[in-house]
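Q: Letter by letter, the chains look like this.
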Amino acid sequence: MDHVAALTSDLIGRESEVVLFEVERGAIRKFADAVQDQTPACLRGDIAPPTFPTTFRMTIPGVTFDLARVLHGAQEYRYERPLRAGDRVRCRVRVANVYRREGRLGEMTFLILTMDGTDESGTPVFSGTTTAIVR
Amino acid sequence: MTGPVLVAGSDLDGGSVLPDLRKPPITKVQLVKYAGASGDYNLIHTDDETARTVGLDGVIAHGMLSMAFLGEYLCWLAGPDSVRRLSVRFVEMVRPGDTLTCRGRVIERTSVDTGRRLQLEVWAENQRAVRVTIGEAEVEIT
Numbered sequence: 001m002d003h004v005a006a007l008t009s010d011l012i013g014r015e016s017e018v019v020l021f022e023v024e025r026g027a028i029r030k031f032a033d034a035v036q037d038q039t040p041a042c043l044r045g046d047i048a049p050p051t052f053p054t055t056f057r058m059t060i061p062g063v064t065f066d067l068a069r070v071l072h073g074a075q076e077y078r079y080e081r082p083l084r085a086g087d088r089v090r091c092r093v094r095v096a097n098v099y100r101r102e103g104r105l106g107e108m109t110f111l112i113l114t115m116d117g118t119d120e121s122g123t124p125v126f127s128g129t130t131t132a133i134v135r
Numbered sequence: 001m002t003g004p005v006l007v008a009g010s011d012l013d014g015g016s017v018l019p020d021l022r023k024p025p026i027t028k029v030q031l032v033k034y035a036g037a038s039g040d041y042n043l044i045h046t047d048d049e050t051a052r053t054v055g056l057d058g059v060i061a062h063g064m065l066s067m068a069f070l071g072e073y074l075c076w077l078a079g080p081d082s083v084r085r086l087s088v089r090f091v092e093m094v095r096p097g098d099t100l101t102c103r104g105r106v107i108e109r110t111s112v113d114t115g116r117r118l119q120l121e122v123w124a125e126n127q128r129a130v131r132v133t134i135g136e137a138e139v140e141i142t
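Taken in order, these protein sequences are the chains called A and B. Heads up: the first sequence begins at 1 in the numbering used here, then just goes up one per residue. Heads up: the second sequence begins at 1 in the numbering used here, then just goes up one per residue.
Only chain B is shown next, with the shape it has when bound in the complex:
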């Protein structure tokens, strides 16, 4: 991975489409690792039997894992020091085997004392191009 995509002086404005970030397929091992790393031990993410007792076919990914992908996306776009806000809604379930891609576009660009602030629309979509987690973000590029 190279440096941030959105650097000072880059020619982005409202409506600009951002490059996408494709993540590797989600695996059950990843869900177990994420449960441990995040402290979210809700068994609907790691135990098929528990998932079935609440009417699911099997385990589903933590919504927060898809939000973490979008967090990485912002760091990739703007650098980890530049992230000011990330707000998402979890609208569709994500299952092991799904491959998520983070996408986004610029809503608005404003100038601030320290540089430029970009309001972004961001989302994670699955391999069927269904948006599973949608949101807005703000990054500040100095």
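One chain only, chain A, in its complex shape:
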């Protein structure tokens, strides 16, 4: 189970680079279409649906696992304001915690990742917390 063995508490505090993401109108519309989101401002591509930050994908050096063995346990987002087309957000993701726990499916590794996004002047726009469970 090498993919789990690599996930240890040594990773806590490790983080991605800061990545600049542009919120594109077309990407908002594509996301809203996939979700069948009927919110008019989202269908027009003006305002991003609340879970749009999931599209901001970043990697953290040393954090690797077999995707097929990962369960998404929980997710939280907090917002200062909605994301809009044309926004440029600087994002970073960090390992907040790693721990193991015995579950009904055997030993599982819990990986807690936090993400934050700011505008170009450094003002917070949103933050997120992901609980990933690796079997």
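All clues stand as given, with none of them false.
So these bits of chain A aren't anywhere near chain B, every CB distance computed over 12 Å:
#	residue
1	ASP10
2	GLY86
3	ALA96
4	GLU120
Pair by pair, the computed Cβ-Cβ distance ranges are:
#	chain 1	residue 1	chain 2	residue 2	range
5	B	ARG109	A	GLY122	30 to 36 Å
6	B	ASP113	A	ASP33	34 to 40 Å
7	A	ARG101	B	ARG131	21 to 27 Å
8	A	LEU67	B	VAL112	39 to 45 Å
9	A	ILE12	B	MET93	27 to 33 Å
Only part of the chain B face toward chain A is listed, based on derived beta-carbon distances under 10 Å:
#	residue
10	LYS23
11	LEU31
12	TYR34
13	ASN42
14	VAL54
15	LEU70
16	GLU72
17	ASP81
18	SER82
19	PHE90
20	GLU136
Read the hints as simulated data drawn from the structure, not as lab findings. Heads up, the beta-carbon is just placed ideally off N, CA and C, and yes, glycines get one too.
Given chain A's structure and the hints, the job is docking chain B onto it.
A: Then chain B, alone, in the frame of chain A:
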């Protein structure tokens, strides 16, 4: 779709039950579209063979798709400018063919400078009334 359901002055308090939002049945095409739109290419959501290698009967929906439904629910209830927080746990698997309905109730209403803040309990349940994704949310209505 008309404007937000929860407008300023609407008579809601702790315990009030919110209207529900029924989504169309989830299809495999939708999962492929969501994979592309979100960038989540985990094949357990789009490839039955991969899903079976990890002990599933076939593909399962992205948990984040059900969370996106709840995000839409909040926008429908309060308007997209009003959403302050959404926090969920993915407790049951969702499969193609399932039909999810978003439901919720008000936990607490507080007054803030700019209007009212509502703490909500929200969840998505399937056609068997099983709650698949459960959570809490906060919206601010000015």
